Each structure stands twice: as C-alpha cells, then as structure tokens.
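Protein chains in written order, with my numbering: chain A, 1 to 185; chain B, 1 to 86.
Hints listed in this document are in silico derivations from the structure and should not be mistaken for laboratory results.
Check each hint, because a few of them may be wrong.
With a cut-off of at most 20 Å between alpha-carbon atoms, the simulated PhoX-like pairs for lysine-lysine come out as follows [what the hints assert, rightly or not]:
| id | chain 1 | residue 1 | chain 2 | residue 2 |
| --- | --- | --- | --- | --- |
| 1 | A | 172 | B | 5 |
| 2 | A | 172 | A | 77 |
| 3 | A | 171 | B | 5 |
| 4 | A | 92 | A | 77 |
| 5 | B | 5 | A | 77 |
| 6 | A | 176 | B | 5 |
| 7 | A | 176 | A | 164 |
Remember, predicted model here, so these are calculated numbers, not experimental data.
Residues per chain, in single letters:
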Amino acid sequence: MTADLLDQRDVPAAMAGDGEAYSRLVARHQPALAAYLWRFTRDRRECEELVEETFVEAYLSLRSYRGRSPWSHWLRKIATRVGYRFWKARAKQRSVAGMSTAAWQRVAQAAPRELDAAEAAEAVHAMLARLAPRDRLVLSLLYIEQCSVAEAAGLCGWTQTMVKVQAHRAKKRLRKLLAEEEAER
Amino acid sequence: MNRWKHFESLAARAHDEAGPQIDVTARVMDELRRHAVKPVADWPLRLFSALSAAAAVTVLVLAIESWTAATDPLSGLFDTLTMVMQ
Numbered sequence: 001m002t003a004d005l006l007d008q009r010d011v012p013a014a015m016a017g018d019g020e021a022y023s024r025l026v027a028r029h030q031p032a033l034a035a036y037l038w039r040f041t042r043d044r045r046e047c048e049e050l051v052e053e054t055f056v057e058a059y060l061s062l063r064s065y066r067g068r069s070p071w072s073h074w075l076r077k078i079a080t081r082v083g084y085r086f087w088k089a090r091a092k093q094r095s096v097a098g099m100s101t102a103a104w105q106r107v108a109q110a111a112p113r114e115l116d117a118a119e120a121a122e123a124v125h126a127m128l129a130r131l132a133p134r135d136r137l138v139l140s141l142l143y144i145e146q147c148s149v150a151e152a153a154g155l156c157g158w159t160q161t162m163v164k165v166q167a168h169r170a171k172k173r174l175r176k177l178l179a180e181e182e183a184e185r
Numbered sequence: 001m002n003r004w005k006h007f008e009s010l011a012a013r014a015h016d017e018a019g020p021q022i023d024v025t026a027r028v029m030d031e032l033r034r035h036a037v038k039p040v041a042d043w044p045l046r047l048f049s050a051l052s053a054a055a056a057v058t059v060l061v062l063a064i065e066s067w068t069a070a071t072d073p074l075s076g077l078f079d080t081l082t083m084v085m086q
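With the hints as extra help, turn the sequences into a complete structure.
Below, the structure written as structure tokens:
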C-alpha cells in the first residue's frame, strides 16, 4: 500500500480522535519533514523541535484538511509556516549579532561537484542566513528545494506573481552580498 | 564561473543533502496527551447555525402569513369614496 493510500486511511481516523492513527502518520512523514526542515536550521535539536511543532500544529488544524491534495503537501505547507516563523524570530534576535560567512568563504573557490551535499548546504545556508526571512524563504524554495513558482506559491500561501517579485528582489540582494564577499577576499 | 552560477550550483548540490535521522513520534504524542489536545470541535458553531436557520424560517413563515392577512390601510377611505360616487 502506498503512503498516500495509508494516509487516506489514517487521516480520517486521526480526525476522529484515534491517537494510534496519528502516531502512524507522524512516524511515516517525519523523515521527509526532517529533511525539509533541515533547510530552516542546521541544528539537530532545533530541527527536532520544528518537526514536533509542525506535527502538533497539523493535529490542531486537522479539521481544515479537505483531502484535495495529498496529506504530505498539506503538512509541508504547515512546515513552511513553522520554519518561516522560526526564521523571523531568529532574525529579531540576531539583528545585532550578524552572521558568519566563514562556511561560504571556505567553499567559494571550490567546484560544487567536488563538495559533498552537506558542505554545499552549509555554505548556501550561511549565505542565505544573511538575507531577510522573506528573501531566504523564496530562494530556499526555488534553488535548494527546486520548487516551481507555482509550488513555492502554494507552500508560502502567496500568489505566483508575489513569488516572482520576491524572488527577483531577493536575487538582487543576494548578488550584492556575493559581490561584497568577493571584494572582501 | 560567475558568482550567481556558483551559488546556483551549490544550491543544487545542497538539494541532495539528507536530513538528520530523528524520531519525534513519542514526543509529539506526549505533547498532544499532556495538553489533552483534541482537534478543534466545530459542533457549537454547527448548532448555532442550525438554530439561526430554524429561527429565520419561523420568522419568514410568520411574515408571509401576516402579509397575506394584511388589508390595505386605505381601503376604508376608498370604500367610502366609492360608495359616495355610486
């Protein structure tokens, strides 16, 4: 039985208050969700907290799930909201501290194919972390998650036009940062 | 390779990164149990809308009855005039 079919069985049961069904949903979807939320933090403990928060929030909103799209898509939308909220909270705390770009500087000269995925991700996240959460979100979805504009719009709850405009502005700001980094080296 | 292309290649490489192996099932279920969280029930809202609909139907029935039973308030005047003119 595929995951979607299992979800079609477990989601209504969880809605009816079956805890076992919900724990099966959590167990089934947490690896994918952890990989997704790993884009929002590089800290394992924080990632666990975000995954947990997403599942709790999903349970509280279960009644709003209409079954028009797979449950995993719906869950990913909630995860995007949770991750974005996390970034916004972080941005406030970090407004004075700034962000190290050492990870970026380490790989700036290397050919991407020579790097392993974790190294590349570390560098990309270090650079994106210098952007505002909104810019970071749209670039992460389009370039790391490799979502289409329509998919990114669905995950953010924005219009496609808004995603395009936001991506254009974010790219401009990132290009500027990349140029500054190069000038500093 | 220009800076932007380099960034795009790194981001594409980062796409293949696997997330950490975690298991939060027990924590999630504990959290839900601790707060005795239940999916938000919408029955009070449904009950309220059913009562509102019932009240609206009752008012509509009474209004239609009153309307059909109502007589023209000027009929007394016109009846007298008609009688005089005849």
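Results for each hint:
no.: 1; hint: 172(A) to 5(B); result: holds, 14 Å
no.: 2; hint: 172(A) to 77(A); result: violated, 26 Å
no.: 3; hint: 171(A) to 5(B); result: holds, 12 Å
no.: 4; hint: 92(A) to 77(A); result: violated, 23 Å
no.: 5; hint: 5(B) to 77(A); result: violated, 29 Å
no.: 6; hint: 176(A) to 5(B); result: holds, 14 Å
no.: 7; hint: 176(A) to 164(A); result: holds, 18 Å
The structure is inconsistent with the numbered hints 2, 4 and 5, although it conforms to all the rest.
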